[in-house]
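Residue numbers (this note's numbering), protein chains in the order written: chain X, 407 to 842; chain S, 39 to 418; chain P, 3 to 637; chain G, 6 to 144.
Check the hints yourself; a few may be wrong.
[As the list claims (entries may be wrong)] Far from chain X by the CB rule (all over 12 angstroms, computed), these chain S residues:
1) R75
2) P117
3) D193
4) P297
5) M338
[To be verified] List time: in silico DSS-like cross-link candidates among lysine-lysine, alpha-carbon distance up to 25 angstroms:
6) S:K205 x S:K163
7) P:K65 x X:K516
8) X:K786 x X:K493
9) X:K716 x X:K752
10) X:K602 x X:K752
11) X:K647 x G:K122
12) G:K98 x G:K88
13) X:K752 x S:K363
14) X:K516 x X:K602
15) S:K255 x S:K239
16) P:K201 x X:K786
17) P:K14 x P:K34
[Unchecked claim] Label-pair ranges, simulated between beta-carbon atoms:
18) P:G480 x X:F834: 50 to 56 angstroms
19) G:R100 x X:E721: 50 to 56 angstroms
20) P:T562 x G:R100: 53 to 59 angstroms
21) P:Q302 x S:M39: 55 to 61 angstroms
22) X:H479 x P:G480: 15 to 21 angstroms
23) X:I663 x P:R211: 38 to 44 angstroms
24) G:R100 x P:P357: 33 to 39 angstroms
25) S:F321 x X:F834: 57 to 63 angstroms
Simulated from the structure, these hints should not be mistaken for laboratory data.
Note that the Cβ used here is the ideal one computed from N, Cα and C, for glycine as well.
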Amino acid sequence: MSMNKPTQFDVLVLGGGIGGLQAALELAEQGFSVAVVERDASIGGKMIRLSKVFPTLDCASCITTPKMAAASHHPGITLFTLCELGKVERKEGLLSARLVQLPRHVDEDKCIGCRQCEYGCPVYVPDQEQAGLTARKAIYIPFSNAIPQLAVLDPDNCSLCGRCAKVCPTGAVDYAQPAREFTITGRALILATGFKLMTDYPERAYGPASRQPNLITSLEMERLLAPHGPYMRVLRPGDGKEPDSVAFIQCAGSRDINKGVSYCSRVCCMYAIKQAMLLSGSLPLADITIYYIDIRAFGKNYEQFFQNAKAMGIEFVKAKAMVVGQNAEGGVDLVYDDMESGEGAKRRSHDLVVMSLAMLPGCDSPPMAEVLAGPDGFIKSVSPKLAPGLTSQEGVFTCGAAAGPKDIVDTIVEAGHAAQEASIYLAFQGKGRAAA
Amino acid sequence: MAQTPFMEVNQAIAQGGGGDLNACVQCGLCSAVCPWREVEGEFLSRLMIRQGQLGLEGYESDEVLFGCTTCKKCVLNCPRGVDIIGVMRAMRSLSVEAGGVPETLKAVLGSAHANGNPWSEPREKRMEWARGLEVPAFGPDKEYLLFLCCTSCYDQRSQGIARSLVKLLNRAGVSYGVLGPEQNCCGESVRKIGDEALFQKLAGGNVKLFNAHDVRKIIVTSPHCLETFSAEYSELGGEYEVVHASQLLAGLYREGRLPLLGRTRGKVAYHDPCYLGRHGGVFEQPRQALAACGAQVLEMNRSREFSLCCGGGGGRLWMETPAEKRFSLLRVREAAEVGAEVLATACPYCVSLLEDSRKTAGLEDLKVMDICELLAQDLS
Amino acid sequence: MSGGGGQTDPAKVGVYICHCGGNISDHVDVRKVEDLAGSLPAVAVARRNSFMCSDPGQEMIVKDIAEGRVNRVVVASCAPALHETTFRGALARAGLNPYLYEHANIREQVSWVHHGPGATGKAARLVAAAVAKAALLEPLEPIRVEATAHATVVGAGPAGLKAALDLARRGIQVVLVEQSPFLGGNLARLDRLFPTGEKASEMVEDLARRALSHELIQVFTCAGIAAAGGYVGNFSLTVVRRPPQTQRDLELLAKARSSGLPPGFIPFAGYLPLEPPSAQEQIDLRTGAVILATGFEHYQPHAGQYGYGQLPQVVTLPELIQIMAGQEPGGPLTVNGRPVKSLALIHCVGSREIPGLHEPPGGRPLNEYCSRVCCTATLQAALEIKERFPETLIYDLHRDIRAYGRGHEDYYLEASRRGVLFLRFAAENPPQIRAQAGGHGEGLVIEMADTLLGGEELELETDLVVLAVGMRPGPAAGLAEMLKLSRGADGFLLEVHPKLRPVEPAVVGVYLAGACQAPMDVGEACAAASAATVKAGGLLSRGYVELAPFVARVDAQACTGCGACVEACLREGALELARPPAVAKALVNPALCLGCGACAAVCEPGAIAVAGWTLPQYEAMVRAMIAGEAGGEQA
Amino acid sequence: MSSRDLPPILILATEACAYPGANSVGQAHLGYPDNTCIMRVPSPAMFPERFYLECFDRGVGGIIIMSCGVECPYEGAYEVLAKRIDRVYQLMKQRGLSADRLRLTAICTVCNRAFIKEVNQMARVVAELGPPGGERAAA
């Protein structure tokens, strides 16, 4: 990181996804100084990796990019990317976060984001930003709209051939750059650590049948659908064939006390419907089926979105489907109990099957020992009705998927709420909490 | 004609051991994972539960009400953790109480009632399998009671398992003994068939007998005995440490007490019995035991908790299943497909059904063997 | 030159071309671009640097400005998103208005996409176009609108109370306007809240007491907004208080007085803070921001819908909750004097209506939306019945169970485990309710087809049917009209964008808090309330609103007062014709202007333009571009 | 493709969507004809009919309006724009200008393929029709 960044702030926001950025922007607009700590090389979180968003079907990047840009240009916001979070402790009334800045192996102050290093690099690595479906280089800019637009070198794959350093016009490549540990402090803390997908569910639930290339996760489908995705069109990963039939398995790990988690992941119904709609746009002849237990289209305009999808001919099958194998054409075999028709169990194959995997907390445990998690592992809200953003620690707030699965709309609203609670806390703190 | 839900039936199922009935969310995953899907069977657990929830008729045919093999695959997959086997058992109970038992099972229950075994064999012949072998009687000086499944006692093919096990125990110097013909069938299948009263009688008799002999530890050849002794006998006052032969043998080998040569050649596929694997949670020890005798252990596509049921649980062992609808037929073919020369398993029911299907399939080059048999062959 | 403004000093444009360490200079002949730029008449200096964004690069600009060589700046480098702010900062440091800056994007749009002489030619054209625009740039200042540090919250349900408290705790004066005599809104009509189990009454009392005792909050009950005008920071509202009139209010007030209130809490009514007014009174407010927390109303089934209003044993869920709250412990649940041994809960009553399938009488618009909270509320009620009246047989008739929230799924599982029997009907085939034949309203028969049984027809006999009614938007129609807010097809107030600006309607300075925007539960409404107040607070705590300068500006000399722009304007109130004694002139309210330029397109004399993006500037850019195209060089 | 001698193509790209979209194409180093000039605009609703016609008069061979479509941050502006472009088409017709020379489209911040497709398509049109007015001569 740049050595001259400040280390003392009014508020520390942990997590640079849409929730963290929104909270940071609201606070910075109120005149508070804010640090945003992000584990990835870019801010933007899950949202910047999505294709389009429900129920408006507008482009995720077009909504996220302005917020990312606003945060990165705001004089009141300092970004710390590639930072692993150590302990957060309360010291002399301040919340102090120990950070480990992983080496970018590129000098942040010198890099101009020109990608010469990337073009020069001879090493190809599966690009996780594209669900591993295409390759990137060992030194690269994470993705086209990454912020900051700075290269990062992946030391696990770098062959130390020296080409990137040679072609870099500013001499920014630094193979020997060490990890740097440092501490930042704030008067308040917002935990916006988001979620991750339960990627080990398929193996647990389907066993050997889970190991097939055309059985993919919902985030992989997002990449396939994104205009700047791996193939720029929807092709199935196994053989590059255009799928004629695509299915979605809902509650893949959610509402499942045996193989997953007991709670509802809340967004999967809607994103599956959205993906189905986008698919029927790009593959008008394809059959699209959603296997579900309950369709939970509960938000504003969500039900109408669901009814539109039905009217478009997307098939909704009330059943939890089981993945049982792979057919000779590379399709995924499913079995389900067709209860609504009363016709009993059916076996069906789809060229491509998407699992709407459950959401898990982005952090395995809350980053501050005194902050409690609920039985579901997400950060516990101590006042879920009046102030859902309050945690068990004074001065520590939460928003978005850090406090339970949540869609983007609810996350952004909660981010505003958490920012407001933090600003009130800071205002009282300034007055010695007299008015509390 | 509209039907009216009959909630008394729902309540009777719930009270008869199917307490999870109403917890079912009707997702149908149980129907989807059920082995009957492999052979287009009629039985649909989700539908049967639904009918049970509403107290409606429609599940009374033998192939539906007595379709469940209690393989537990659905239970392990059920998103609501419903004890589906308990619900099936309770629903059968209602029918059995009213005399609704499939013909083939009537004989089984009758024999179990009269002879203490389901095989219509005289009680006093229970120990005939041991003829010519040195089998100690159980007494206070013995660590383990060796309890043999009725099938191992009476069925000729299965007796080989018992005899092999005894050889192994003797060579390893295990302190064990057997009890006489007063032993009953463990009652596991009887209970799953739905004859709760008979189960109480059989199990009650065993508990009384075991407790009278101060039995603490039991070796079993059948995973079905394993399940019922360890999970169900405590209801009747029987608390035992139960070990399946394959577990014990793996342990003995590890301790260096089994003088195996490791000479077994050839490829051995291991079939996880439902009651050892999914019910008992025993997956590794049978494989360790197989590896100990030198076999090259192969995995079939569906193994461990994904294993395919042989079709013998829940009373199905005694029911007629047309050849093309037998899970065991699929299983032996699967073993042949992976190139196995031996299909090894660790349950008398599995051995019996797999052996039958091996013949049906005409797989001359495949042998079906119990782990005890493979290990006994490899003794020095 | 048009667009107004008193630009006097001749443009001296400085052009700075970035090599971007080869990223640009490897494909673009930057020396040639520099020469071409230097030959343009408006250009005072043209320079190059390996990295214009570096300190030495920026210093070049600062020095040229400081030494008076340059009063307009063009930097030709990477995409403006990356460094436009950097270079504007450099101008500001040198004492020049930062808006006297134009960016030429010759990396992303030239050197990375074109090669060879074509790239150089295009770079030259882009630079020429930027110079042409720069020469016409005028200094701009952010628009400052003074803002009264005062907010008005309309509606005293949980969201309104929470919003008022949030603002007051940030030091902002608040007026809280509530139409009924009570505080607490629909929250007061609940018993316990899912999934925490806390008492709704305690939450209402707590919120109401805190709001009433806060020195910065002034509460008006029995009050409504009679007139509204103004704009962000400067709204004027007329609040009218009237004596209570509805039968319900009068009955509740009589009951309250008999028990020695106010102040105090009346179950299922709310917190009564003070005696209602006995005569009409009017309060005129100047307020900086308006928070709408007008909430929702429960959907009222139409007569005969599922037997409601015709069969006495058909009630709504809110009615049942109130009945149960008043029930003595022990004995069966009793409704309308009759014991209830079995009951059926029916979901989606007045929600998720589908055109063509559902035909409400009287031409009522369909409620196509999901009301979000009723599923879990129904499960909660079922569980409470099982808890307090365990012998009751409960059927739950649903389309989907939407227990989406944190902890909600546990309610569903628990209700199932406790024996609530879930039956699923299809939207096109809803349950039919009738009185049992031969009975005298003793019992009900429900006919329904269970989709979980392949559509098998079932007949259920129950003593009670409970309708889980959905939500309708609260009474905000008049207010929405006065404030010029849009409502969606669902009747709820409309936000600008559900993700970019989720609590803001299109009118700046007005914010949406809670269920006036869409169905939500108490926690969600309270979160939305603070999302609204964080916006309002940011605006009001400074005392002024700073708006981007890119709004319409009128050249009063050129304006003929024809009014075409007013007609074309997309934001009501942003443009009007002022009528000074002599002639009418277009007048922009910068606080309301979107900056879209729809006005500029229709102005014949070119008297109105969006500051910073004027039509003459674009025309100059096109001319420069064509000139470059024609000869590659300019005179 | 040498576009040096071809009439220029003017692209009006919205600040919120299409302009960053064009930059995304640059980041991906996807080539397109260089007789293009992209102008950043807040909302193309600000251009009167005559602006387009004058562009053609001055020699602009084709114009692509890359808007935000329905995602337009200026509520109602897209509808106004669409109506105006319809009128521009009428006027172009009157003047004997091919309607192919003007395109109204929506490009998002990451619509690389759509961007390239639009630009290539217009480049083909311009190459075929020549300078504005060429089609009149041909007719």
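We went through each hint and held it up to the structure:
1. Non-interface status of R75 (chain S) relative to chain X is broken: a Cβ of that chain comes within 12 angstroms, the nearest being about 5 angstroms off.
2. At roughly 4 angstroms, the least C-beta separation between P117 (chain S) and chain X is not larger than 12 angstroms, which violates its mark as non-interface.
3. For D193 (chain S), the requirement that its beta carbon stay farther than 12 angstroms from each beta carbon of chain X is met, with the minimum near 32 angstroms.
4. For P297 (chain S), the shortest C-beta to C-beta distance to chain X comes to about 36 angstroms, beyond the 12 angstroms cut-off, and the non-interface label holds.
5. For M338 (chain S), the condition that its CB be more than 12 angstroms from all CB atoms of chain X is violated, with the nearest at approximately 10 angstroms.
6. With a C-alpha separation of about 21 angstroms, the suggested pairing of K205 (chain S) with K163 (chain S) holds against the 25 angstroms cut-off.
7. Straight-line distance between C-alpha atoms of K65 (chain P) and K516 (chain X) comes to about 23 angstroms, which keeps the hinted pair within the 25 angstroms bound.
8. Of the pairs offered as hints, the one joining K786 (chain X) and K493 (chain X) holds, with about 18 angstroms between alpha carbons and a cut-off of 25 angstroms not exceeded.
9. About 21 angstroms separates the Cα atoms of K716 (chain X) and K752 (chain X), which keeps this hinted pair within 25 angstroms; it holds.
10. Among the hinted pairs, K602 (chain X) with K752 (chain X) is inconsistent with the structure: their alpha-carbon atoms are about 32 angstroms apart, more than 25 angstroms.
11. Between the alpha carbons of K647 (chain X) and K122 (chain G) the distance comes to roughly 23 angstroms, so the proposed pair stays at or under 25 angstroms and holds.
12. With a C-alpha separation of about 16 angstroms, the suggested pair K98 (chain G) and K88 (chain G) falls inside the 25 angstroms cut-off, and the hint holds.
13. A C-alpha spacing of about 17 angstroms is found between K752 (chain X) and K363 (chain S), which places the hinted pair at or below 25 angstroms, so the restraint holds.
14. A hinted pair counts as satisfied when its Cα atoms are at most 25 angstroms apart, and K516 (chain X) with K602 (chain X) does not qualify at roughly 33 angstroms.
15. Distance restraint check for K255 (chain S) and K239 (chain S): the Cα-Cα separation of roughly 22 angstroms lies within the 25 angstroms cut-off, and the hinted pair is therefore satisfied.
16. Annotation: proposed proximity of K201 (chain P) to K786 (chain X) holds, straight-line Cα distance about 20 angstroms (limit 25 angstroms).
17. Annotation: proposed proximity of K14 (chain P) to K34 (chain P) holds, straight-line Cα distance about 20 angstroms (limit 25 angstroms).
18. Between G480 (chain P) and F834 (chain X) the CB atoms are about 37 angstroms apart, so this pair departs from the stated range of 50 to 56 angstroms.
19. Judged by the Cβ atoms, the range 50 to 56 angstroms given for R100 (chain G) and E721 (chain X) holds: they are separated by roughly 51 angstroms.
20. For the pair T562 (chain P) and R100 (chain G), the beta carbons lie near 27 angstroms from each other, so the given range of 53 to 59 angstroms is not met.
21. Roughly 36 angstroms separates the CB atoms of Q302 (chain P) and M39 (chain S), a value that falls outside the hinted 55 to 61 angstroms.
22. Checked against the hint of 15 to 21 angstroms, the pair H479 (chain X) and G480 (chain P) fails, with Cβ atoms roughly 41 angstroms apart.
23. Evaluation of the 38 to 44 angstroms hint for I663 (chain X) and R211 (chain P) yields a pass: the beta carbon distance comes to about 42 angstroms.
24. Range check, R100 (chain G) to P357 (chain P): Cβ separation about 45 angstroms, and the 33 to 39 angstroms hint is violated.
25. Hint check: F321 (chain S) to F834 (chain X), Cβ distance near 58 angstroms, so the stated range 57 to 63 angstroms holds.
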